[in-house]
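Listed here are the chains, written in short residue letters.
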Amino acid sequence: EDQVTQSPEALRLQEGESSSLNCSYTVSGLRGLFWYRQDPGKGPEFLFTLYSAGEEKEKERLKATLTKKESFLHITAPKPEDSATYLCAVQAFRAQKLVFGQGTRLTINP
Amino acid sequence: DGGITQSPKYLFRKEGQNVTLSCEQNLNHDAMYWYRQDPGQGLRLIYYSQIVNDFQKGDIAEGYSVSREKKESFPLTVTSAQKNPTAFYLCASSIMEGSYEQYFGPGTRLTVT
Numbered sequence: 001e002d003q004v005t006q007s008p009e010a011l012r013l014q015e016g017e018s019s020s021l022n023c024s025y026t027v028s029g030l031r032g033l034f035w036y037r038q039d040p041g042k043g044p045e046f047l048f049t050l051y052s053a054g055e056e057k058e059k060e061r062l063k064a065t066l067t068k069k070e071s072f073l074h075i076t077a078p079k080p081e082d083s084a085t086y087l088c089a090v091q092a093f094r095a096q097k098l099v100f101g102q103g104t105r106l107t108i109n110p
Numbered sequence: 001d002g003g004i005t006q007s008p009k010y011l012f013r014k015e016g017q018n019v020t021l022s023c024e025q026n027l028n029h030d031a032m033y034w035y036r037q038d039p040g041q042g043l044r045l046i047y048y049s050q051i052v053n054d055f056q057k058g059d060i061a062e063g064y065s066v067s068r069e070k071k072e073s074f075p076l077t078v079t080s081a082q083k084n085p086t087a088f089y090l091c092a093s094s095i096m097e098g099s100y101e102q103y104f105g106p107g108t109r110l111t112v113t
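Chains as they are written, first to last, in our numbering: chain A, 1 to 110; chain B, 1 to 113.
In short, the hints are calculated from the structure, not lab data.
Mixed in with the good hints, there may be bad ones.
Dumping the calculated PhoX-like pairs for lysine-lysine here, alpha-carbon to alpha-carbon at most 25 Å [as the list claims (entries may be wrong)]:
no., chain 1, residue 1, chain 2, residue 2
1, A, 42, B, 71
2, B, 71, B, 9
3, A, 97, B, 71
All chains should be built: construct the whole structure from the sequences, respecting the hints.
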């Protein structure tokens with residue numbers, strides 16, 4: 001069974017304090033790994049798709065990386081507006097659906 | 001602007017009543033999905049559809065029904081058979097080939113008392 005585990009469950013940082021969020025996964029044939037940002041009471045907003053180990057994607061202060069077992073979302077010099085829940089999901093080649101982790105709730109204090 | 005709309009944003013119902021949640025997209029996507037999100041849990045797939053007039057059950061389809069009469073629309077009915085219907089419901093869509101990311105609507109929060 002495909003599974004996604006995200007850690008930590010919650011993370012508090014000071015503005016400017018860089019850190020990383022982890023997404024560990026098991027899937028039989030990875031089609032893609034996806035990162036989303038979700039603000040309270042809103043739908044997830046797509047950030048990145050990673051397809052193969054070694055791939056990296058960047059957007060503003062965020063960089064996503066992928067290995068064969070996990071993905072990291074690195075956040076550099078975060079700002080309070082980066083506060084949100086970050087969701088990781090995987091899709092297997094044989095499946096149409098995404099399997100989501102439980103998310104990491106990130107809070108950036110000014 | 002292309003996107004996914006869900007209505008209403010908040011919905012309140014009495015136990016025992018069926019309720020239908022609307023989802024419309026103008027992204028020309030073939031596939032559409034319904035997820036349920038509960039506090040502390042990841043998104044769970046209820047139903048999905050890859051083509052008009054066809055749909056498949058997801059992981060938690062019991063107590064729900066869907067239809068796909070038009071490419072743009074994928075309404076979800078929460079029936080009285082659903083034991084714990086209070087939740088945040090999210091609709092998504094995607095293309096079928098190439099990049100596979102799903103794009104989400106703003107969600108409907110359903111409260112059943």
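>> Just to be careful, I want the Cα atoms of residue 97 of chain A and residue 71 of chain B compared with a cutoff of 25 Å; is the pair within it?
In response: Given that 25 Å is the threshold and the Cα spacing comes to 18 Å, the pair holds.
> Is residue 71 of chain B within 25 Å of residue 9 of chain B, Cα to Cα?
Replying inline: Given that 25 Å is the threshold and the Cα spacing comes to 22 Å, the pair holds.
> Holds or violated: residue 42 of chain A with residue 71 of chain B, Cα cutoff 25 Å?
Replying inline: 24 Å, holds
No hint from the list above goes unmet by this structure.
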